[in-house]
Amino acid sequence: MSIEVLEVLKKTFADPGRQVKEWKQDTGGKAIGFLLTEVPEELIHAAGFFPFGICGGRARLEQAEAHLQSWACSYVRKGLAMAINGELDFLDGIIVPLTCDSTRLLPGIWKHNKPLPYMDSYRLPKQVERPSAKKYLFKELERIKYNLSAYRGKEITDEELKQSIRLYNSNRGLLRKLYNIHEHNPEAISNKDLYTVLGASMVIEREKLNRYLSELVATLEEQTKPPAGKKKTKLYISGTFINPPEVLDYLDESGGTVVGDDLKNGYRYIQDDVEEAGISPLESLVNRQLKKKPFAGYDVPSAPRRYNLVKASQQKKAQGVLFLHLKYCEPENYDYYDNLQALEQAGIPSMRIETEFGDTSLGQLQTRIHAFMEMVGGESNV
Amino acid sequence: MSEKKTFKTAARMKEIMQEYYAKGAAAKEKRIPVAWVTAIFPVELLYAAGIFPYYPENFGALASARKVADKLSRYAEAKGYAHDLCGYARCGIGDAYAEEHPVGEILKPDVTFCCNTQCGSLSKWFEVASRFYNVPYFLLDAPQILDQPEELATGYYVDQLKEMIAFLEEITGKPFDYDRLLEVLHLSNETCRLWNEILDTAAMKPAPFGFFDACFHMAPIVTMRGTREAVEYYQALKEEVDERIKEGKYAIPNERFKIYFDHIPLWPKLRWFSELFASHNSLVAVSQYTHSWAYSFDLERPLESLAENYTEEFVNRSFEHRLQLKMNFFRKYGVDGFVLFSNRSCKPTSLGLYDKRSVLSERTGLPGVVFDADMSDLRFFSEAQILARLEPFFEQLASSQ
Ligand code: SF4
Ligand code: SF4
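One line per chain: the protein sequences are A and X, in this order.
Our numbering applies: residue 1 is where the first sequence begins, and numbers increase by one.
Our numbering applies: residue 1 is where the second sequence begins, and numbers increase by one.
Everything labelled a hint here was simulated from the structure, so no lab data went into it.
Quick caveat, the model's predicted, so the values are computed rather than measured.
Don't take every hint at face value.
Here are the simulated distance ranges between beta carbons [stated by the list, open to error]: (1) Asn85/A / Glu362/X: 37 to 45 Å; (2) Lys14/X / Pro349/A: 50 to 58 Å; (3) Asp359/A / Lys249/X: 22 to 30 Å; (4) Ser296/X / Lys291/A: 33 to 41 Å; (5) Phe176/X / Pro131/A: 16 to 24 Å; (6) Asn85/A / Phe176/X: 53 to 61 Å; (7) Arg74/X / Lys21/A: 49 to 57 Å; (8) Tyr146/A / Ser400/X: 28 to 36 Å; (9) Leu182/X / Pro301/A: 25 to 33 Å; (10) Ser302/A / Arg74/X: 28 to 36 Å; (11) Glu362/X / Gln271/A: 28 to 36 Å.
No residue lacks a Cβ here, since even glycine has one placed at the ideal position from N, Cα and C.
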């Protein structure tokens, strides 16, 4: 199927820096990058900056080798390598969410090797159930808002922030619709195309994105016929990133369809909206963070991650769970065994694959995914 | 450390550590709750509440020093925990599943308390443990200090200390005893003061005490600060160090160079390293690691002061601040070179060292070197590789004088 806007989004994804560079040329504006996925981008957008999600690029991991040990996860190594090889030269700043020890140490190394005019960290709380978390987070977001305001030289107003929140909510809503279309009718939009659009949504001008998505969703909704052909095998993906993107091809070709995920460049990016009415917009951002499902960086005793995983897989009627972990990602690794236990108890089969940005043996990956699909898909696959 | 060099106090340490472990074992019978805590944790509150604090990191260090970390780790690896996680965590998780317990069993917690000033590994490990032992988990969240200490971070920490006190009252069924807290803080201050006076003697030339001695004598400062036993122990050690100064007994036979070492020692190779450095007439005099326990609490404002001391540890500070701290140590101890250990168990102390090596040499003119290994697991130890790094460093050191 060839839908024009889909082609545009695919192109954007394939060359993540193109749009932002054009935008900077046209508007003279500034771009602030962020590592995925907790950063409250709405604040960056409200300041009038171009928010740019850093996720994979051409740089080789060796380009970071002199600065970061090979046992730091490849997401941070890749990010640093991209900065060093000049691939991110269009960035005026960066915000790093401190989700783990690798992200905690990265900003200093980045600053030393590639200082940017604007550098900040987002120190999200690692406990979210006690009252102290809310009070702290409000101040932390105030701090970031203040810094962004200072960098632009003018305070971010509530009105600006509300507008950005509205736009982002709308984009997330459309992306969730797309996700939903895919879940119920994978023929309409493939695994690969779905995550390509998600990836593109982090590196594109958000106003444009809104138009593109509206058009895409409308077209797909119109076109949507009842699913034809073979039944697909439903799969939930848990972990860090869809990486490498070829994973999606292997799922597409073996009759698998992703019905849910908790990935940084997947559903986690779009799952939570920010309340628009009533309270102050900053407080709404605080509430959004606190109500997010726990990710690997921390667990929440009253709603443990492993139960979320089981519940989400069951709700989506997933036939299996694919753990897609980045090698050396400590938080995911610590959670893995307990997640696995919970799935086994619920009778949900799973497979774990570890990949690295820029360094994964594709042949082996394909074989393993095909074998897993065959196992969990059973008859629906034949 | 040859036999005749061993401190008399060492025998006393074995005793007090045994007493400490016996107390832990007896706690269950006496219905005293056993709490797991992390090394950089306001343990003073637990002592004040009458709860027994147990340090699983210490268990990991012990297993590492006895060269069985890989054995315990394999039990964890069999469950899917990777061999590149922190070695202490692998020992602790491994022991939970192990059939043999080469260093005795880890003490089972009734509750786990974690402070993440040090790292994110501990909080994940303690989460795992809380699920495994089915006990409550309490996190004291310490946001990284980006530049200068801010009220934002300490205020958050104070709020959490208050939440923790309420939680302790729930566990013990008793109101929290603030007077007792002041006593405990006073004892901690004393312990830290004595410990740092002892560490400072490494600046003398030649010195009676160095980093490898500190590694040997640090268990009480980690596990027992806040108790009278710890104060008495370091009083005795201090006296012994003073005696040595009078008698002219030194940490190594021919001290020519002083070395700064980052951070944690390679526990299973402690002796090998100490002999290697000594054979090059080099005294490892100082490390940020052993100097972590340098708290000074203001009894007038106990909670605020606890918050400052426990959030502002070097490991929670910025790249530049940590460089400054290192250079302060270089100056204070008059070091001639520095050795940085890129420890694959420990990202928060290791990431950034590659760049810091060159910055430190540029700024101070001192020779320095980085080497890679693991603090606990000998599967990642290559003598040849380390010597290939250190030998040229020693040559540089010799030619620099
Ligand atoms: S992938 Fe894991 S280790 Fe890497 S930055 Fe994300 S949370 Fe940290
Ligand atoms: S060695 Fe490092 S990673 Fe392990 S518990 Fe200590 S600070 Fe954390």
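Evaluation of the provided hints:
As the Cβ distance of Asn85/A to Glu362/X is approximately 23 Å, the hint placing it in 37 to 45 Å is violated. The supplied range of 50 to 58 Å is met by Lys14/X and Pro349/A, whose beta-carbon atoms lie about 51 Å from each other. For the hinted restraint 22 to 30 Å between Asp359/A and Lys249/X, the CB-CB distance of approximately 54 Å leaves it violated. At about 40 Å, the beta-carbon gap between Ser296/X and Lys291/A stays in the expected band of 33 to 41 Å.
One distance hint, 16 to 24 Å for the beta-carbon pair Phe176/X and Pro131/A, holds here, with the actual separation near 18 Å. Checking the proposed 53 to 61 Å range against Asn85/A and Phe176/X shows it holds: the Cβ atoms sit about 55 Å from each other. Remark: the range hint 49 to 57 Å for Arg74/X to Lys21/A is upheld by a beta-carbon distance near 51 Å. Between Tyr146/A and Ser400/X, the C-beta spacing of about 47 Å breaks the proposed range 28 to 36 Å.
At roughly 32 Å, the beta carbons of Leu182/X and Pro301/A sit within the given window of 25 to 33 Å. Separated by about 34 Å at the C-beta atoms, Ser302/A and Arg74/X satisfy the suggested range of 28 to 36 Å. The given range of 28 to 36 Å is broken by Glu362/X and Gln271/A, whose C-beta atoms sit roughly 47 Å from each other.
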